[in-house]
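*Asks:* Based on the hints, put chain B in the right spot on chain A.
Protein chains in written order, with the numbering used here: chain A, 1 to 264; chain B, 1001 to 1206.
Certain hints may be false.
Here are the computed distance ranges between Cβ atoms for each label pair [stated by the list, open to error]:
id : chain 1 : residue 1 : chain 2 : residue 2 : range
1  : A       : 175       : B       : 1100      : 49 to 55 Å
2  : A       : 157       : B       : 1102      : 44 to 50 Å
3  : A       : 100       : B       : 1045      : 56 to 62 Å
4  : A       : 78        : B       : 1100      : 50 to 56 Å
Read the hints as simulated data drawn from the structure, not as lab findings.
Quick reminder that beta carbons are idealized off the backbone N, C-alpha and C, glycines included.
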Amino acid sequence: MGKAIVITSGKGGVGKTTTTANIGTGLAMLGYKTVVVDTDIGLRNLDVVMGLENRIVYDIVDVVEKTCRLKQGLIRDKRHEGLYLLAAAQTKDKTAVKPEQMVELIDELKKEFEYIIIDSPAGIEQGFQNSIAGADEAYIVTTPEISAVRDADRVIGLLEAKGLSNPKLIINRIRQDMVKKGDMMNVDDIIDILAIELLGVIPDDEAIVISTNKGEPVVTEENPLSAKAFRNICRRITGEKVEWLNLENGESKFSKLIKLLFSK
Amino acid sequence: MKEELVAFRGVKEGIYIFIRQGDFEQIKGELIKKLEEYTDFFQGANILGIRGEDLSEDEINELYNIVQDKYKLHISEDGLPEYLEEPKFYTGIHEGMTKFIHGTIRSGQVVEYDGNIVIIGDVNPGGLVKAKGNIIILGSLKGVAHAGADGNQEAIVAAYDLQPTQLRIGNIIGRRPDEDIVASTFPEVARIYNGEVLIEPYLPRK
Chain A
1 MGKAIVITSG
11 KGGVGKTTTT
21 ANIGTGLAML
31 GYKTVVVDTD
41 IGLRNLDVVM
51 GLENRIVYDI
61 VDVVEKTCRL
71 KQGLIRDKRH
81 EGLYLLAAAQ
91 TKDKTAVKPE
101 QMVELIDELK
111 KEFEYIIIDS
121 PAGIEQGFQN
131 SIAGADEAYI
141 VTTPEISAVR
151 DADRVIGLLE
161 AKGLSNPKLI
171 INRIRQDMVK
181 KGDMMNVDDI
191 IDILAIELLG
201 VIPDDEAIVI
211 STNKGEPVVT
221 EENPLSAKAF
231 RNICRRITGE
241 KVEWLNLENG
251 ESKFSKLIKL
261 LFSK
Chain B
1001 MKEELVAFRG
1011 VKEGIYIFIR
1021 QGDFEQIKGE
1031 LIKKLEEYTD
1041 FFQGANILGI
1051 RGEDLSEDEI
1061 NELYNIVQDK
1071 YKLHISEDGL
1081 PEYLEEPKFY
1091 TGIHEGMTKF
1101 IHGTIRSGQV
1111 VEYDGNIVII
1121 GDVNPGGLVK
1131 AKGNIIILGS
1141 LKGVAHAGAD
1151 GNQEAIVAAY
1161 DLQPTQLRIG
1171 NIIGRRPDED
1181 IVASTFPEVA
1191 RIYNGEVLIE
1201 PYLPRK
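Excised from the complex, chain B in its bound form:
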């Protein structure tokens, strides 16, 4: 049997509407058909929201309008539980595609990659390294590094000698203090902590 485009799925918080990839007109038709069929059943249910495999925001909104306006169904304000939301950013920071670069990134040079980046060399002031995942530099980082470039706030930047002009993780930007700072003599890692870029040694016992 052909898989249905529209399915109602139950989780412990309530039910949600799951939409498979397909023709949008067909999806709409099927949704309306189902809602007609089981109107009574849905009246009392806690509907959490709609999750689509391949729907644009406009399309999702149109479906919400059908459910809410045409069938007067109440959609829970809590929204979909977090574990159902599909992450919209690169998630391979524990295991994922990685680019290795041998050499120095100099002023004006840019390295960009849709995964993790490992640099066996230095990043000079004015150089930019931008990765959707983590950035590891086996040398000194004096330029700008942007990890989790498409929004992953769990991404990290680590370097043997971490003295960046600017550090960006996800959408958070940290900059080098204006005062002279004592360069640390050990490797460090930068990550987001309470909405700020925090730098700490990654070998705490040393």
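Just chain A, with the same shape it has in the complex:
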């Protein structure tokens, strides 16, 4: 039986879709059978970020309305074995799916897949309610801005009310140079306010913009720091203990220490 994880934030533009695409791809790279589900009906993006837009024939609305079978709705990723996408419908709106139907759909997917990563729309209305309906766990994405953190706090409260307690936190788009100068909230400031477990920190990285525009999640690339950060998050999801990444040069504190010892 698989695990369903919803990626949500409250605020728009903080990187939910990018995070979903990278975590989904990262888990598939680790060999887990994974499906990413776009619940942003009417404003779908996940297919574009993953470069699968040209393969969509059926979408999530067709699946819940039983216009097609679940298998027909699942789009196989072009690069990674065991990675699938269930696209949102673009020509309908959030009311096209009901939370009960989502529960049924996610339960069905849990029989087939080890991880179901659900991309939530921005906001706290029906689209959000749909996206969390079938989830076992929630990951909150936020950026180091007071508005994003405020919305994240609101969403954590809503999730708890729906029985999704202990959500985990992903902080996106940190700029270490600004944090140092005191111009940006640091990780501890954010955790102080939200008081939830930290799953990972993604640095602000040009490589993400490039990879998004190419339709290839950054996690597949070797070198970018953001790719390493996403790979670490994926390993933490699977239960592995992974050291925190040094966001300045990509080395863990431990390997830095070793270098220091041997460089003498």
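*Replies:* The following block gives chain B in isolation, referenced to the frame of chain A:
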């Protein structure tokens, strides 16, 4: 004289049973009556099949059962010749109803029509144009176009700038290649060729 509901018609391949629109019980009665009357004649004939003006599949099957099981008549395996089969899809791709749309079809918008569609404007990625006939776009097509939506494989999609995310004609689906492709600088037309969507310039001498 009232037109008969059941008629036997001869073509060069053999004969077929033609059923006019009417009450199904009456049709059955008339068919049985005729078969009784001319049993000997039909024994040796090459019966091609049954063609009804307004019969459901179940009704057609019931009539076949009467002919085959009750009267032990052999129905040719070749079936009805193609020219007798009524097309079940929209055929007005040479001359037919056409909808003209002025403006851009944007992401999430859908244009559907039971005929041909002409768009004086663009179709953006995420937009969908679905016609039972042809689709002509006097602009760029970057979204999805579905021509011959109810099964006409002869339908075409033409655009000044043809770079669709996906092209569907009849029940055939073609998708944009994953690699970057060089956008053509001339108008193109897409049609089905050997079961695949083929894109070619429609002004071959240019």
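*Asks:* Of the numbered hints stated earlier in the document, which are not met by this structure?
*Replies:* Checked against the structure, the only hint that fails is number 4, while the rest are satisfied.
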